[in-house]
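Assemble chain B with the ligands onto chain A, guided by the hints.
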Amino acid sequence: MAALIEEAGRFYSYYNLIYLGKAFLFTILLSFAGCGIGFVLGAGLAVMRHPRIVSFAPLRWFALLYVELFRRIPFLVLLMVVFFAFQLAGADVTMFTVAATTVALSASAFSAENVRAGLESIHPNQWDAAEAMNMGGLTALRRVVLPQSWRVIIPPSMTYSVGLVKATSIASQIGVLELTYAAKILNQKGFSAALCFGTILVLYFCLCYPLNLFATSLEKRLAPSRNR
Amino acid sequence: MPHLAIDNLNADYGATPILRDVDLSVERGEIVAIIGPSGSGKSTLLRVLTGLLKPRSGRVEIAGEVVNYTSAAALRKVRDRFAIVFQQYNLFQNMTALRNVTIAPTIVKKRNAAEVEREARALLEKVGLSHRIDAYPDEMSGGQQQRVAIARALALKPEILLLDEVTSALDPELVAEVLDTIRTLASEGMTMLIVSHEMAFVREVATKVVFMADGRIVEVGPPAQIFDAPQTERCAEFVRRILRH
Ligand SMILES: Nc1ncnc2c1ncn2[C@@H]1O[C@H](COP(=O)(O)OP(=O)(O)OP(=O)(O)O)[C@@H](O)[C@H]1O
Ligand SMILES: [Mg+2]
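Residue numbers (our numbering), protein chains in the order written: chain A, 1 to 228; chain B, 1001 to 1245.
Bound conformation, chain A alone (with noise of 0.2 Å):
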């Protein structure tokens, strides 16, 4: 115990929190980034799929593959896919684009899950009375069926997105700075796992547990307003 204490005092140096204050970063804007590309990608998706919205059929077929396809894939293999895909074309790109673009497609496919769902909880009538007065397919779901869907959409959707942040440890895999590789390499530079791995246990926690009670009091606010 002394010489864990001993060991922390030379392991919180300013060099390493600094390191660790890096990762921590780009584990946000990699969580960050991914869910709010991967949820516009997602959404838009979950419209094209919609026969009320979208009536080319292969449009339809082709969200719909995508998405089957998508939620398949583990996060590890996608990722794989991504880095050689990017190799492939001959793209020179950094890691961290390469993981945050395979966070994006794997939150799009499950958004667009989320986001279907939604749609589908709404009573087809209000389509029906949105058509009758000639109201487009987006505007409807814009004025009428999105603000009614946003209840069933929400919960589902952060509870993934708290899900997604600690999936972007796997990125760690190919060399990308968050804060599991930062634990990784300090821990291969003599530092002892309990320190390093519990550090980032916290910073994790840290930043998962205040988006969970954000989606508990979100659900609560959604839920007395129950078509609003």
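Hints are computed from structural coordinates only; laboratory data are not their basis. Model, not experiment: these values are computed from the prediction. Take the hints with a grain of salt, since some may be wrong.
Claimed, not checked - Every beta carbon over 12 Å from chain A, so not counted as near; a handful from chain B, in silico:
{"hint": "1", "residue": "GLY1029"}
{"hint": "2", "residue": "SER1057"}
{"hint": "3", "residue": "ARG1059"}
{"hint": "4", "residue": "ILE1133"}
{"hint": "5", "residue": "LEU1174"}
{"hint": "6", "residue": "GLY1189"}
{"hint": "7", "residue": "PHE1227"}
Claimed, not checked - These stretches of chain B come out as covered by chain A in the derived footprint (C-beta under 8 Å, 3 or more residues):
{"hint": "8", "segment": "1072–1081"}
{"hint": "9", "segment": "1084–1092"}
{"hint": "10", "segment": "1103–1112"}
All C-beta atoms in this analysis are idealised placements derived from N, C-alpha and C, irrespective of residue type, glycine included.
The following block gives chain B with the ligands in isolation, referenced to the frame of chain A:
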């Protein structure tokens, strides 16, 4: 020339034929009541007219113009001429009564917002709801929602108004109100198709009664004929049954 001419109309849900060889001619300003047992296709007929369900065959003409239900542009034009009050009201759940009434005129028809709101308030007052304009549909009774739906349809200033069971959830005083409104509109030349089993109401306002069964129009005639001297056994039996209630 009839305002609305329906000729040999057929429509299906999936593989099930629902409307069969429906023929109907409606003059401008006429109020046509549609009656018939549950499942006879009354609501479906209104859905087909507004293009929510594509007909399999047949022809619909409005003021002599053939309606092309397969073209999006043509469909938009038709929908401008119709307004429908759905059997389940179909109010937008995320909007107040007032917003439900103003949304289409402002968003779709791009009319002046202040003017639309003034009209909407007047319409809601006409249907006895001036005290509920800020209420959401899930805070209103069925009858109140139905009246919002009527106001919403009227705000569109349709040529032809389609009303699906609008009197069923109203109390007697309001039936009188709504009836008055409907009569005024008819005298102004609006054409109406009303699905209603309210015998007194139908007798009072309808110029013509259509009896439907199994997706077909079985008998058409003035209210006196349909209710007092029906020509077909099917219609006679149905009228006997509803008169008993
Ligand atoms: N969305 C649908 N999908 C499949 N079948 C349907 C659908 N809507 C209605 N039907 C069927 O079409 C037939 C006619 O229904 P419709 O709603 O037009 O009857 P209705 O005369 O309006 O009855 P009610 O008096 O109960 O309102 C019924 O047999 C019904 O089961
Ligand atoms: Mg019906």
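Structure-inconsistent hints, enumerated in ascending order: none
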